[in-house]
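Residue numbers (this note's numbering), protein chains in the order written: chain A, 1 to 74; chain B, 1 to 558.
It should be emphasised that the hints constitute simulated quantities derived from the structure, not laboratory data.
All C-beta atoms in this analysis are idealised placements derived from N, C-alpha and C, irrespective of residue type, glycine included.
Mixed in with the good hints, there may be bad ones.
To be verified - Partner residues are not named here, just some residues of chain B that face chain A (Cβ under 7 Å, in silico): (1) Val111; (2) Ser380; (3) Tyr394; (4) Val408.
Unchecked claim - Derived BS3-like pairs (lysine-lysine); straight-line CA-CA distance at most 27 Å: (5) B:Lys164 - B:Lys3; (6) B:Lys214 - B:Lys22; (7) A:Lys14 - B:Lys214; (8) B:Lys214 - B:Lys89; (9) B:Lys271 - B:Lys3; (10) A:Lys14 - B:Lys553.
What the hints assert, rightly or not - Reference listing, derived: stretches of chain B covered by chain A, where coverage requires no fewer than 3 residues with Cβ under 8 Å from a Cβ of chain A: (11) 6-19; (12) 395-402.
Below, each chain spelled out in residue letters.
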Amino acid sequence: MALNLNPNFSEAGKRYFSAYSPGDDFYEMLINTHRDLSDEQSELLNARLILLLANHIGDIGTLREALSAAREGV
Amino acid sequence: MLKTYNYPKFEYRTPPEISSGKTLKVPVVVVGAGPVGLGAALDLQLHDIPVLVLDEDDTVSIGSRGVCYAKRALEILDRYGVGEAVCNKGVSWNVGRTFFRDQEVYNFNLVPEPDHHRPGMVNLQQYYLEEYMAARAASRPNLELRWKNKVVSVTQSGKTVTLKVETEDGFYSVEADWLIAADGARSPIRRMLGLEVEGKIFMDRFLIADVVMKADFPAERWFWFDPPFHPGQSVLLHKQADSVFRIDFQLGWDADPEEEKKPENVLPRIKAMLGDQREFELEWVSVYTFQCRRMGSFNHGRVLFVGDAAHQVSPFGARGANSGLQDADNLGWKLKLVIDGKAPEKLLDSYSEERVFAADENLMNSTRSTDFITPKSKVSRTFRNAVLGLAKNYPFGRALVNSGRLSVPAFLTASSLNTPDEAPTAFAGRMLPGAPMDDAPVLDNGDEGWLLDKVGNQFFALYFADDPNALDAATVDALSNLSFGSIAVQALVISSKPGVVNGGIPNLEDPRGIAAQRYDAKHGTVYLLRPDQHVAARWRTLDAQKVKAAVAKATCNA
Ligand SMILES: Cc1cc2nc3c(=O)[nH]c(=O)nc-3n(C[C@H](O)[C@H](O)[C@H](O)COP(=O)(O)OP(=O)(O)OC[C@H]3O[C@@H](n4cnc5c(N)ncnc54)[C@H](O)[C@@H]3O)c2cc1C
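Full structure from sequences and hints, please.
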């Protein structure tokens, strides 16, 4: 499956009236999850999160694309 | 003095009560003639309620404040008779550019959604908005504006609110059945009544500068994250009317406002920002402190809070005046029904309920913008910078960049005034109960017009029909008898074909089917519309009893 680079957030059963809402919902959750953590803890959280999401995606081809897109800009 | 604008001076007249010593008795007094107080007064005036407006000042908003007025606010201003003036003078922009450090990350072109009367937003200095509203208010019957009349005390007992008003000629008293407090963020009325404003979410400081550009400069919105000329903060450049450009420098909470305001600190920053030798003149500089907070409830007995007095947000997303005008829009018809004895006072609880919901949405959106623009932790900053980096190449990254979201009206889908759809899948689209109406082009007797200009100020039942000439007698009869007791419901037929409806029921033509599409309407579909142009209920078939029951629900008469 090709890596989806278009806006893709949504929540089942939730109605959105602005295109930006689902992405902003996610971003707020992401930042809130880090609340009150030390920098080191945040780093660990991010690593765990990547592993969880990578396993969920599963498809190595998609992950390869994501890894290289992430690496490109660093 | 500004170079591009002369502040009007509204005339003070000695109130007759000062020599007569009599107490002035009025049904409604509005304290504060800012955009929201004037809006509330114009709304009540449309409902034939006499209003007295008191303001301690005698001119419009001084300096640079509100800039962006979004579509819903413009539609409300249309109802108040000033939308055209605001749109004519206001500036539209489509292109937005986003910069991160010294690079442009991406730009977008906000092509206006076709087939709406009003654009997504216009930019206009707040003093123009207030000038147009004040002129409109002054020209209306039953609406008295008293400038340089300062409210110095308020008490509430039973069904009466008593105010003491100070003028240069002395004091007088006003007794009102209702008081609308539109006296701004510091709200003296709120303080006099010992009421609190809760939930201080965050505070921020901005340096606001208006500059007049000597040469052409594009009508675009430029937003910088962490620019070299103002490291660690954000900067926004916007065009207003009269070639005046507005620049918002975020300062952070620790900045020294007096120091930042000095021309020797401001001018080099603007020069660095424009990046060349463009000539400009500084028209206005000030430092504003913002808080994000709201009152727990917007109605307290016979005192109703609107606008900044009730809620304050940071300027990201331009929500102050926009949401304040929606307060006025929501309150006017409810107060009218209560004053006329057609609805219980409980209806005003729904004013608070609905507008608190909207205020929370505004607070949430401006908090999210602030958290993106000014990350509060190292990891948050890393994510923000990662988003800006990804935005350069990927659409999903662009969608996450939050430099202030356009102010859109709240969908009051959880309001207790709504009658829910009979089946959850009966309708597609977004015009569900509680939604602010979408506009659509219509023909009225062959004349081009807009749906939103044809409804409002009272309940309407919009009935979609294929052929207006072919409505049967039973339907015409039902459409002529939708009123709930003394609360009128005006039927309005809308159809793809021209024609005339029997029984004198007005009708509109929807020649390209845009209204039918936006409302997911078929032949026989009915929408019950509130006086503030929100959907109250809708059905696939007309049943007068159901319409009446929905009106009862929407007015707390159920
Ligand atoms: C820098 C800046 C940028 C902004 N940008 C935007 C934007 O782009 N879009 C937007 O929608 N909003 C914006 N806002 C917010 C907008 O300016 C306010 O939300 C709006 O002015 C609120 O209107 P109001 O009528 O509630 O209060 P105000 O405009 O504050 O009016 C209150 C009135 O009450 C009067 N008053 C106060 N006390 C008394 C008294 N005791 N007796 C009699 N009269 C009294 C005052 O004289 C004043 O006229 C911005 C604000 C700032 C500062």
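Hint check results:
1. Val111: This interface hint is violated because 14 Å lies over the 7 Å limit.
2. Ser380: Holds. Min distance 5 Å.
3. Tyr394: holds, 4 Å
4. Val408: holds, 6 Å
5. B:Lys164 - B:Lys3: violated, 38 Å
6. B:Lys214 - B:Lys22: violated, 56 Å
7. A:Lys14 - B:Lys214: violated, 49 Å
8. B:Lys214 - B:Lys89: Distance of about 20 Å is within 27 Å: holds.
9. B:Lys271 - B:Lys3: Holds - the C-alpha atoms of Lys3 of chain B and Lys271 of chain B are around 20 Å apart, at most 27 Å.
10. A:Lys14 - B:Lys553: holds, 25 Å
11. 6-19: violated (count 0)
12. 395-402: holds (count 5)
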